[in-house]
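Each chain, letter by letter, is given below.
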Amino acid sequence: MKNPLKTIRETKPLVHHITNWVTIYDCANITRAFGALPVMAHAPEECADMTGISSALVLNIGTLTSEIIDSMLLSAAAANKKKIPVVLDAVGVGATRFRDEMAAKILGSVRVDIIKGNYSEIAKLAGENAETKGVESTSISADPEKVAKEFAKSSSSVVVMTGKEDVISDGNRTFVVKNGHELMGSIVGTGCMAASIIGSFASVNPDYCDAAKDALCYFGAAGELAAKKSEGPGSFKVNLYDEVFNLSDEKVQDMMKVEEL
Amino acid sequence: MKNPLKTIRETKPLVHHITNWVTIYDCANITRAFGALPVMAHAPEECADMTGISSALVLNIGTLTSEIIDSMLLSAAAANKKKIPVVLDAVGVGATRFRDEMAAKILGSVRVDIIKGNYSEIAKLAGENAETKGVESTSISADPEKVAKEFAKSSSSVVVMTGKEDVISDGNRTFVVKNGHELMGSIVGTGCMAASIIGSFASVNPDYCDAAKDALCYFGAAGELAAKKSEGPGSFKVNLYDEVFNLSDEKVQDMMKVEEL
Amino acid sequence: MKNPLKTIRETKPLVHHITNWVTIYDCANITRAFGALPVMAHAPEECADMTGISSALVLNIGTLTSEIIDSMLLSAAAANKKKIPVVLDAVGVGATRFRDEMAAKILGSVRVDIIKGNYSEIAKLAGENAETKGVESTSISADPEKVAKEFAKSSSSVVVMTGKEDVISDGNRTFVVKNGHELMGSIVGTGCMAASIIGSFASVNPDYCDAAKDALCYFGAAGELAAKKSEGPGSFKVNLYDEVFNLSDEKVQDMMKVEEL
Numbered sequence: 001m002k003n004p005l006k007t008i009r010e011t012k013p014l015v016h017h018i019t020n021w022v023t024i025y026d027c028a029n030i031t032r033a034f035g036a037l038p039v040m041a042h043a044p045e046e047c048a049d050m051t052g053i054s055s056a057l058v059l060n061i062g063t064l065t066s067e068i069i070d071s072m073l074l075s076a077a078a079a080n081k082k083k084i085p086v087v088l089d090a091v092g093v094g095a096t097r098f099r100d101e102m103a104a105k106i107l108g109s110v111r112v113d114i115i116k117g118n119y120s121e122i123a124k125l126a127g128e129n130a131e132t133k134g135v136e137s138t139s140i141s142a143d144p145e146k147v148a149k150e151f152a153k154s155s156s157s158v159v160v161m162t163g164k165e166d167v168i169s170d171g172n173r174t175f176v177v178k179n180g181h182e183l184m185g186s187i188v189g190t191g192c193m194a195a196s197i198i199g200s201f202a203s204v205n206p207d208y209c210d211a212a213k214d215a216l217c218y219f220g221a222a223g224e225l226a227a228k229k230s231e232g233p234g235s236f237k238v239n240l241y242d243e244v245f246n247l248s249d250e251k252v253q254d255m256m257k258v259e260e261l
Numbered sequence: 001m002k003n004p005l006k007t008i009r010e011t012k013p014l015v016h017h018i019t020n021w022v023t024i025y026d027c028a029n030i031t032r033a034f035g036a037l038p039v040m041a042h043a044p045e046e047c048a049d050m051t052g053i054s055s056a057l058v059l060n061i062g063t064l065t066s067e068i069i070d071s072m073l074l075s076a077a078a079a080n081k082k083k084i085p086v087v088l089d090a091v092g093v094g095a096t097r098f099r100d101e102m103a104a105k106i107l108g109s110v111r112v113d114i115i116k117g118n119y120s121e122i123a124k125l126a127g128e129n130a131e132t133k134g135v136e137s138t139s140i141s142a143d144p145e146k147v148a149k150e151f152a153k154s155s156s157s158v159v160v161m162t163g164k165e166d167v168i169s170d171g172n173r174t175f176v177v178k179n180g181h182e183l184m185g186s187i188v189g190t191g192c193m194a195a196s197i198i199g200s201f202a203s204v205n206p207d208y209c210d211a212a213k214d215a216l217c218y219f220g221a222a223g224e225l226a227a228k229k230s231e232g233p234g235s236f237k238v239n240l241y242d243e244v245f246n247l248s249d250e251k252v253q254d255m256m257k258v259e260e261l
Numbered sequence: 001m002k003n004p005l006k007t008i009r010e011t012k013p014l015v016h017h018i019t020n021w022v023t024i025y026d027c028a029n030i031t032r033a034f035g036a037l038p039v040m041a042h043a044p045e046e047c048a049d050m051t052g053i054s055s056a057l058v059l060n061i062g063t064l065t066s067e068i069i070d071s072m073l074l075s076a077a078a079a080n081k082k083k084i085p086v087v088l089d090a091v092g093v094g095a096t097r098f099r100d101e102m103a104a105k106i107l108g109s110v111r112v113d114i115i116k117g118n119y120s121e122i123a124k125l126a127g128e129n130a131e132t133k134g135v136e137s138t139s140i141s142a143d144p145e146k147v148a149k150e151f152a153k154s155s156s157s158v159v160v161m162t163g164k165e166d167v168i169s170d171g172n173r174t175f176v177v178k179n180g181h182e183l184m185g186s187i188v189g190t191g192c193m194a195a196s197i198i199g200s201f202a203s204v205n206p207d208y209c210d211a212a213k214d215a216l217c218y219f220g221a222a223g224e225l226a227a228k229k230s231e232g233p234g235s236f237k238v239n240l241y242d243e244v245f246n247l248s249d250e251k252v253q254d255m256m257k258v259e260e261l
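Here the protein sequences come in this chain order: A, B and C. When we follow the UniProt record's numbering, the leftmost residue of the first sequence carries the number 1, and every step to the right adds one. When we follow the UniProt record's numbering, the leftmost residue of the second sequence carries the number 1, and every step to the right adds one. When we follow the UniProt record's numbering, the leftmost residue of the third sequence carries the number 1, and every step to the right adds one.
The list makes no distinction among identical chains, and a pair is therefore deemed to hold if it is satisfied within one copy or across any two copies.
Under the rule of at most 20 Å between Cα atoms (straight-line distance), these lysine to aspartate or glutamate pairs were calculated in the EDC-like manner:
#	residue 1	residue 2
1	133	49
2	251	231
3	12	182
4	6	210
5	133	10
6	12	136
7	153	143
8	133	45
9	12	131
10	2	250
By construction, these hints were calculated from the structure, which means they are not laboratory data. No experiment lies behind these values; they were computed from the predicted model shown.
So that you can see chain A by itself, here it is in the shape it has in the complex (with noise of 0.2 Å):
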């Protein structure tokens, strides 16, 4: 997509989240940051309605629960029959069966058009013998870029997988976004962070493979630039907020590092 940042900031999607207490506050945050508007709603009695007036759905199980995934189903639903993007953050699936479990079940009852996660948490859904410290990816044996593009084939969804370098794949197409720095690492929720920015981007084009790509570019170019001021985790976090705020889509394109297999 063109402009996709200008976008965002001119039609103003709203998208609605589904996500864990630790880093709801983070994914509301760069949301808005980046133009779109959030909104967290997860009581069972109007997670659909809020679904039906927005214009993507982020759900992340990082700290969930069984009512939270009935949640999460009835919201998907709306979303399906909205044709709205669902994206699934499968945070700390490897961990626990409970996520493991929970995971399938989302997956086997309504349709995930991006379903994200690190290397090991992707592997694990993918079938591939995998082990997730907590919600930390453990190295992985399989090669990532086959894993992203068979489980993509497989599941008829976008996969992403992050990392170091982030594969991205709808099974046709496979991108390896290099953008990012280290930083990103050493705070809490840059990953759910980025599904957010991917619901963003996704709302805005109907190419979801080329939205998650663009949104993991933006993101991690963001983070270059907010890395070069900062001394640690605290200077970093509110730096890549001013540089998301006054990010553009003219400075990203000379920076994006992705490279099509």
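Following the hints, complete the assembly by docking chains B and C onto the known chain A.
For chains B and C alone, coordinates are given in the frame of chain A:
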């Protein structure tokens, strides 16, 4: 009131919140920065007891569930009995029927001393035609000053409508506060923080209309000071906390932009 | 212990939290800044499994519900079985009967290795006459050092009382830590963060009394360094994260202000 900030800092009132999971930390932290003591407690087994040792109660329905509403009713009843101020931040009213109904349930069951929301939230509560885009105000056809005044009369509450200009009315007096800066809208949570500040000011000033007006002037003044040093929402938020912390009644006195209609 | 920080950063222990919704992000983020890996998971279906792959368990009752207490008991039982340290932050004990009862229930049902609270919270737990103003300590009549020592003996736990001076005792050894800065009290959550740090240090040091003492020295030292550059709670918090991130065992060695009684 002459020196509201000094009074808060000297008496350190306990301000009980039952609020949303997105901005709960900022509600607590801004309350502390103004000199009051925040406490968050929503369990039905204790919420009325916690209200019973508090000097104000702030209710915020940003991520409401029916269980949370039940706790709000228990706490509000305790607050009514103790005659301490109850603030309701009607987040997202006008976005889903559930929010409309739950807000109506609160207003119909207990005494709310100060009803706060953005333009479309309050317009919807007041029976006007209005829709809220998630938790974001949309433009309303009615005149905000008229809405605030009439809704204050009919509800016998102080009504606070926040936006580019804030309107505060108790039905007799109507104030327009023009303090503030657009960067306040660039971060999530300044609306929720405003409700916490109103609760803190109302806990030391029995004239709730005056307290709400002061609260918004003080917060807006801090926002103006912070904006001067900021390059985006990240640095703005840091500076906002510093400015609130370093605020004094004298400093704000010269900055207040308030008009009585 | 000689190099606790280096050890944490090399072994990256997983620290499982069941905590409150106000400061959950800061608990996670400070754990990460010290080099450990935080994970938050409270669903009864998975919390014991998550504890089972962790190296420490931190329980914080800041926004407790009876369901959360049930999850805490499941996780604590798993921690006891695995013989990993359990830290209880007794937030708000002395404010409501429900908190008193739930804290007593935890202490009566499972082994808690480290009991932490502010002066009035611990005094109340220890059976002294004490009241907590929400989650804020009030002055206690008893001698903190005596309370800590005797409660440590009677509970067979390490007891940590935080305040202007921190008192740590295992019943035999009693330490007073004088590191820290008053700006730490200007932001919400430093108490909760201290519990997370204690959990992180205890996960690599079987001498829990030593671990708790070190944790408070290191955190306090970072607070002192951060305060030098800060103009208020906003900049202080940013600098606190940067200083923790850039801390080393060598740096803290020269700053420790600890006394053994």
